[in-house]
Amino acid sequence: MESYLSLFETYDVPAAFWVNIQLSFWSAIWALALGTVLALFRISPILSLQWFGAAYVNIFRNTPLTIILAFGFLGLFSVMQISLADDLNLSLFRIAIVGLSLYHAAFVCEAIRSGVNTVPLGQAEAARAIGLGFLPAARLIILPQAFRGAIAPLGNVLIALIKNSTVAAAGSVAAESSSLMKTMIEFRSDLVIPIFLTFALGFVILVIPIGLLTTWASRKLAVAR
Amino acid sequence: MTPEPQPTGPSTPAGPLVRLKNVNKHFGELHVLRDINLEVSRGEVVVVIGPSGSGKSTLCRAINRLETIDDGEITIDGKVLPAEGQGLAKLRADVGMVFQSFNLFAHKSILENVTLGPMKVKGMKGAAAKELAMSLLSRVGVENQAQKLPAQLSGGQQQRVAIARALAMQPKVMLFDEPTSALDPEMITEVLDAMVLLAKEGMTMIVVTHEMGFARKAADRVIFMADGEIMEQATPEEFFTNPQTDRAKDFLGKILAH
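Those sequence lines, one after another, are chains Y and R.
Start counting the first sequence at 1; every next residue gets the next number (full-length UniProt numbering).
Start counting the second sequence at 1; every next residue gets the next number (full-length UniProt numbering).
Keep in mind that the hints are not guaranteed to be accurate.
[Said to hold, decoys possible] With a Cα cut of at most 30 angstroms, we get these calculated DSSO-like pairs of lysine-lysine:
(1) 200(R) x 220(Y)
(2) 220(Y) x 172(R)
(3) 79(R) x 200(R)
(4) 120(R) x 220(Y)
(5) 200(R) x 172(R)
[Unchecked claim] Here are the simulated distance ranges between beta carbons:
(6) 67(Y) x 22(R): 53 to 61 angstroms
(7) 78(R) x 44(Y): 55 to 63 angstroms
(8) 8(Y) x 151(R): 36 to 44 angstroms
(9) 217(R) x 216(Y): 21 to 29 angstroms
(10) 170(R) x 216(Y): 39 to 47 angstroms
(11) 216(Y) x 233(R): 56 to 64 angstroms
(12) 135(Y) x 189(R): 35 to 43 angstroms
Treat the hints as calculated values from the structure; they're not laboratory data.
Don't be surprised by glycine CBs; every beta carbon is placed ideally from N, CA and C.
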């Protein structure tokens, strides 16, 4: 027990989790914004935008996240010398956020599209009938209802995103939790199982409230019809 | 020689308000609108009846382009209905539509349902839009429901709100696509009463309905459709007492049997 507790003096576990929380937070915001735009593309009346949205989703949804994040580090950063900050670690952190956002935007798009499917066609027809164009109708009538219908699937995307933030290790974000776990196991092979359980439990604690919150919110905010 | 005084200003040019010329539409193999020609004058109330599948709803929905047409031309107040874009949105704002399934915006209050169009399409100020909305809601008798959500109202109340929402755009013509077909029997009258009132006030109306009582009471003209064609048109008196075609006789025989 004592040797287990001494781990926390040697290694800053909360700080590592904090990196994952930050990665998840910023990626969630960007993925939500980009995913919403993609969903708009997919439901828009313009064929080329529909096509772009579908192509994006199919490419990013079907590419392993590890490859996307490794490409961010090896391709964008090392080979193409694209840097998003003067500080090396900050730059890698931001590139990981870009990768996570691009990947999860595809899932956000599909979650919102499933929400759009919960909105009856008559809502769009009524919006058009009073003279709203596509964008105002989407903004005022369709998307507000679609988001409420998409809370549960969006929650699932967020849960996946938080856990997937550990893949940032593939993008050389060394401060995040799975990288720290690897280091700890390397130096304290006597405590492999407790170390595993610590990190597993940490993520469970992070993720459970999100599941509870989205279940509650999707009931609370459901559109009465 | 002095010019004759014009009875109509530039905003109300002469000619029919709604005009369909050789309109055709197919759903796949099915020819749902066959060479439709129809003119509706200002202030006229036209009731469209016919068996289900006769194309009457499609006709109604084509007039504000919720259904596209294959060929022919539809003009509203002299302007050809554009295919898409801002022009279409602008023209739709002049054409009120009441649906069978009400289609009130489910996430907005009754008041917001009515103020949304004037504010977001016409740029009306909030206070003015609210005043307009409340006067329309009281005209259809649901002003005390203004703060509720659509799902909290009965079908009849929802449909009256839908009428108020369409009227808030101050449309030139109102389309009604089977407005009472989804209602419980005891709620049909309250909606028809609101429509009769509107007809008496001189609104131009195109009404697809199965309510023969409404046709008799409020229509200037009855149009009978079958198989995508306008089979006959006449005043309600003439049509109900002396239908010309066999299809119309057959149809009236079936619906007026009880």
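Structure-based check of all given hints:
no.: 1; hint: 200(R) x 220(Y); result: 44 angstroms, violated
no.: 2; hint: 220(Y) x 172(R); result: 40 angstroms, violated
no.: 3; hint: 79(R) x 200(R); result: 26 angstroms, holds
no.: 4; hint: 120(R) x 220(Y); result: 28 angstroms, holds
no.: 5; hint: 200(R) x 172(R); result: 15 angstroms, holds
no.: 6; hint: 67(Y) x 22(R): 53 to 61 angstroms; result: 58 angstroms, holds
no.: 7; hint: 78(R) x 44(Y): 55 to 63 angstroms; result: 31 angstroms, violated
no.: 8; hint: 8(Y) x 151(R): 36 to 44 angstroms; result: 53 angstroms, violated
no.: 9; hint: 217(R) x 216(Y): 21 to 29 angstroms; result: 52 angstroms, violated
no.: 10; hint: 170(R) x 216(Y): 39 to 47 angstroms; result: 43 angstroms, holds
no.: 11; hint: 216(Y) x 233(R): 56 to 64 angstroms; result: 58 angstroms, holds
no.: 12; hint: 135(Y) x 189(R): 35 to 43 angstroms; result: 40 angstroms, holds
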